[in-house]
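Sequences are here, hints too, so could you generate the full structure?
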Amino acid sequence: MNIPSHHRNILPLFRIAALFFLLARPVLLPAQAGFEDKLSFEQIQELLTKGIEDRNVRMQGLGWYKWAIYRENETGNRDSAFQYLGRSVELFIEANDTLAYHRARAELAARMAERGMVSDAFKIQEEALYYFRSTGNRRLETLVLAQMGRLYQSIGDTAKASLLKREFREKSRLLNDTLLLINVFIDEVADLQGNGQYLDAIPLAFRVLDLSEKAGYSEFITWAEYQIGYLNEITQDYLMAMRFLDRAERSNSLSDDARRHKIYQHKASVYAKLDSLPQALNYAQRALALGDTLLNRYRIVTSNRLAVQYGEREKSRLLEAMTREKSAIEISIRQQREFFYVLLLFFGAIILALIFMIRDYRYRLYTSRVISQQNEMINRQTIRQLEDSLKIETMQSMLEGQESERRRVAHDLHDSLGGLLAATKMRLDNLSGKIPGLTISEEFGKIKNLLDDTITETRQIARNLQPGTLHEFGLMKAVRDLIVRVQGEGGPAIDFQHFGDFSDLDHTLALNAYRIVQELLQNSLKHAQATEILVQLTRTDFELALLVEDNGIGYEPGVTPKGMGTDNVAQRVLFLKGEISIQSAKGQGTSTMVTVPVTVQKPA
Amino acid sequence: MIRIFISDDHVMFAEGLESMLTGEPDFELCGRAGNAADTLKQVPVIKPDVLLLDINLPDQSGLEVCSLLRKSCPDVKILALSMHNDESFISAMLTHGAQGYVLKNTGKAELCTAIRTLDAGKTYFSKEVTDTMMQSLMRERKAGTTREAPKISRREREVLKLIMDERTTQEIASQLFLSEKTVESHRAALLAKLGARNTAGLVKAAMHWNILNE
Chain A
3 MNIPSHHRNI LPLFRIAALF FLLARPVLLP AQAGFEDKLS FEQIQELLTK
53 GIEDRNVRMQ GLGWYKWAIY RENETGNRDS AFQYLGRSVE LFIEANDTLA
103 YHRARAELAA RMAERGMVSD AFKIQEEALY YFRSTGNRRL ETLVLAQMGR
153 LYQSIGDTAK ASLLKREFRE KSRLLNDTLL LINVFIDEVA DLQGNGQYLD
203 AIPLAFRVLD LSEKAGYSEF ITWAEYQIGY LNEITQDYLM AMRFLDRAER
253 SNSLSDDARR HKIYQHKASV YAKLDSLPQA LNYAQRALAL GDTLLNRYRI
303 VTSNRLAVQY GEREKSRLLE AMTREKSAIE ISIRQQREFF YVLLLFFGAI
353 ILALIFMIRD YRYRLYTSRV ISQQNEMINR QTIRQLEDSL KIETMQSMLE
403 GQESERRRVA HDLHDSLGGL LAATKMRLDN LSGKIPGLTI SEEFGKIKNL
453 LDDTITETRQ IARNLQPGTL HEFGLMKAVR DLIVRVQGEG GPAIDFQHFG
503 DFSDLDHTLA LNAYRIVQEL LQNSLKHAQA TEILVQLTRT DFELALLVED
553 NGIGYEPGVT PKGMGTDNVA QRVLFLKGEI SIQSAKGQGT STMVTVPVTV
603 QKPA
Chain B
25 MIRIFISDDH VMFAEGLESM LTGEPDFELC GRAGNAADTL KQVPVIKPDV
75 LLLDINLPDQ SGLEVCSLLR KSCPDVKILA LSMHNDESFI SAMLTHGAQG
125 YVLKNTGKAE LCTAIRTLDA GKTYFSKEVT DTMMQSLMRE RKAGTTREAP
175 KISRREREVL KLIMDERTTQ EIASQLFLSE KTVESHRAAL LAKLGARNTA
225 GLVKAAMHWN ILNE
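Chains A and B supply the protein sequences, listed in that same order.
Once you know that position 157 of the first sequence is 159 in this note's numbering, the rest is easy, because the numbers rise by one and skip nothing.
Once you know that position 106 of the second sequence is 130 in this note's numbering, the rest is easy, because the numbers rise by one and skip nothing.
Honestly, I wouldn't trust all of these hints.
To be verified - Here are the simulated lysine to any residue pairs, SDA-like style, with alpha carbons at most 25 Å apart:
hint: 1; chain 1: A; residue 1: K579; chain 2: A; residue 2: R408
hint: 2; chain 1: B; residue 1: K175; chain 2: A; residue 2: R487
hint: 3; chain 1: A; residue 1: K275; chain 2: A; residue 2: E251
hint: 4; chain 1: B; residue 1: K65; chain 2: B; residue 2: M36
hint: 5; chain 1: B; residue 1: K151; chain 2: A; residue 2: E251
hint: 6; chain 1: A; residue 1: K588; chain 2: B; residue 2: Q199
hint: 7; chain 1: A; residue 1: K436; chain 2: B; residue 2: K175
hint: 8; chain 1: B; residue 1: K151; chain 2: A; residue 2: S418
hint: 9; chain 1: B; residue 1: K151; chain 2: A; residue 2: E459
hint: 10; chain 1: B; residue 1: K151; chain 2: B; residue 2: E182
hint: 11; chain 1: B; residue 1: K205; chain 2: A; residue 2: E251
hint: 12; chain 1: B; residue 1: K185; chain 2: B; residue 2: Q159
hint: 13; chain 1: B; residue 1: K151; chain 2: A; residue 2: N432
hint: 14; chain 1: A; residue 1: K588; chain 2: B; residue 2: E182
hint: 15; chain 1: A; residue 1: K448; chain 2: B; residue 2: G55
hint: 16; chain 1: A; residue 1: K450; chain 2: A; residue 2: R408
hint: 17; chain 1: B; residue 1: K205; chain 2: A; residue 2: A572
Simulated from the structure, these hints should not be mistaken for lab results.
Now the structure itself:
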């Protein structure tokens with residue numbers, strides 16, 4: 003290795019410096035809304051205030067981004083840039099601008115690497131790379147590749163670095179972007195320098211100079227001039243070296259004291275080689291002085307930084323106060339609005355409540371009216387029911403009285419009178435046997451016949467009053483006996499049908515049913531002029547149905563002939579809580595059906 | 025000699041009967057009771073040939089007395105004396121073991137004939153009783169001729185027709201101007217008459233008897 007020892011120390015430092023130099027330039031970042039323009043302090047401030055006022059997070063992020071770069075350039079303070087970029091990144095997240103986010107992050111990554119947070123820087127850059135790749139942003143992708151390549155180089159991972167660089171170069175050529183191309187050549191110069199191929203590096207440095215001059219990148223012009231001078235110094239072409247170092251000295255920006263310091267150092271060294279010792283000394287002294295000022299500068303920068311940080315804090319405090327004030331106003335506005343809504347709601351509720359109350363009141367009025375009507379109806383019904391039950395009770399006692407009276411009379415007729423008559427007849431018979439000639443007397447015969455008729459009549463009257471068979475044999479047999487009895491010669495054919503068991507019927511029910519059938523049968527016999535009569539008893543679990551139907555003359559509905567005993571029947575039906583259904587029409591006969599509920603308990 | 029026992033609560037009648045029967049040479053009155061209890065006590069002891077038994081005894085039905093005596097003394101012939109000329113009474117007395125049934129207004133000659141007929145081991149019924157029995161029998165025969173279509177009333181026929189037309193009770197009621205309950209009663213009667221258990225059975229029976237085409 004024929005590299006001078008001090009050069010060996012400078013090289014990596016230089017490389018890193020160059021790297022930062024590159025990364026720090028906002029011009030490196032490609033076109034995106036607002037990112038390209040170089041802004042003045044006032045413009046940046048305006049951007050920030052406007053962003054805060056408009057609640058435009060992206061604008062705020064961009065403001066802080068610009069502010070970071072601006073401050074860094076102005077003060078050389080990279081710490082504050084770090085902070086502002088961090089804030090910018092967060093704002094871009096909030097603004098959901100992924101591209102801006104990754105750009106700001108890439109900037110941040112460069113500063114992180116500078117601070118030794120290399121792994122974090124890699125992570126960020128890889129993420130950015132992935133994003134730019136996936137979104138097809140070739141230019142940014144390529145730039146990140148360049149950055150990463152340099153980063154790997156700086157940590158000594160040459161294999162990975164060269165891999166990335168190669169990729170970066172290929173991509174750059176494809177894109178044919180001057181800025182990228184300059185970057186490529188800077189990379190290659192650095193590589194060649196690292197390999198000690200200084201002579202090979204010189205033409206490339208010239209290419210950088212050429213391109214930079216054409217594109218007007220003053221920073222790269224200075225870099226190239228300095229680099230050419232430096233390389234010529236190493237390759238011992240001191241005249242050439244001096245020429246370019248002079249040019250670099252002239253073109254170097256006034257603010258870049260660090261490079262000026264280096265230029266002075268190298269000029270001193272070259273003058274020494276050229277044996278121009280006074281100049282060499284002069285530049286050495288100037289370099290030394292600048293080194294002091296640089297040290298001073300660093301001190302100033304540090305104090306500046308502190309001052310700036312303080313100022314920033316103040317500013318942010320002010321901003322916070324502003325936002326707080328703003329939010330306070332907003333809150334008060336919101337509170338007013340809320341109060342208004344609550345008031346509105348309150349009145350609405352009151353109105354609603356009133357409406358409901360009125361409706362409820364009306365409804366109550368209505369329902370109470372309905373209820374009173376219903377009550378009235380119920381009362382009327384109850385009265386009717388009471389009347390009915392009273393009627394039934396009256397009827398019952400009447401019927402019962404009637405029946406018991408009839409029974410008594412029937413019994414008296416049947417047994418007492420009947421017995422007496424029978425005894426009379428027997429005695430008369432006995433007498434006729436004892437007195438001969440009496441039997442042939444006409445008067446005697448008449449008396450005997452009269453007596454026979456009386457007995458028969460008495461029996462019939464008694465039986466009509468109280469059917470003896472009913473008590474003894476039940477409804478069915480009683481009705482059958484009745485039919486046998488009324489079935490006279492030449493009269494209508496009476497058909498009797500019965501279904502079910504009638505033996506368990508309550509006596510009152512059976513008696514009334516018997517009376518009903520008797521009455522209906524009498525009607526058919528007496529009034530209908532029928533030739534056929536059907537009497538039918540049907541007993542089901544829950545009711546007793548009595549049917550008497552004839553094929554007689556019938557009658558117009560509603561003009562039931564009086565004296566037909568229908569009142570009696572109706573009364574009995576009512577008493578038994580049954581129903582009566584009469585169908586009749588002129589010439590079509592009459593069909594009367596009585597249904598009576600059969601319950602276990604006796605009718606009330 | 026025919027030994028006769030009279031059981032009747034009607035004193036006048038019983039005495040009349042006694043005076044009438046004492047004139048007959050072959051009759052011998054062996055006892056008299058005015059109620060069922062006395063009758064049941066005395067008859068098994070006296071063992072008359074013929075017992076003239078009133079159906080209407082004050083303490084117990086003559087039917088029961090008849091039935092009890094038939095068991096305790098089967099040799100005693102029982103002639104029912106009654107004011108009732110009802111088939112139910114007549115047949116009930118016969119089934120309870122009486123050999124004869126005579127109405128109380130029967131003349132002397134007929135009564136004597138009845139007693140003698142019974143004593144001879146035959147049965148006797150007065151003419152009116154026979155008439156009643158005959159009428160009833162004829163009726164029974166008429167009604168008893170089963171395997172004949174049950175007689176259906178006009179109303180029932182109408183209801184049945186509508187049931188077979190698959191009408192509901194409500195529809196039938198409104199069509200025939202009947203209450204639903206009445207329709208249900210008709211329906212129940214039809215079920216009972218035709219021996220059906222439900223509407224399907226009703227329809228089947230109606231078709232079997234060809235009722236609706238009559």
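- Query: Are there hints from earlier that the structure breaks, and if so, what are their numbers?
  - Reply: Hints 5, 7, 10, 11, 12, 15, 16 are the ones this structure does not satisfy, whereas the remaining hints hold.
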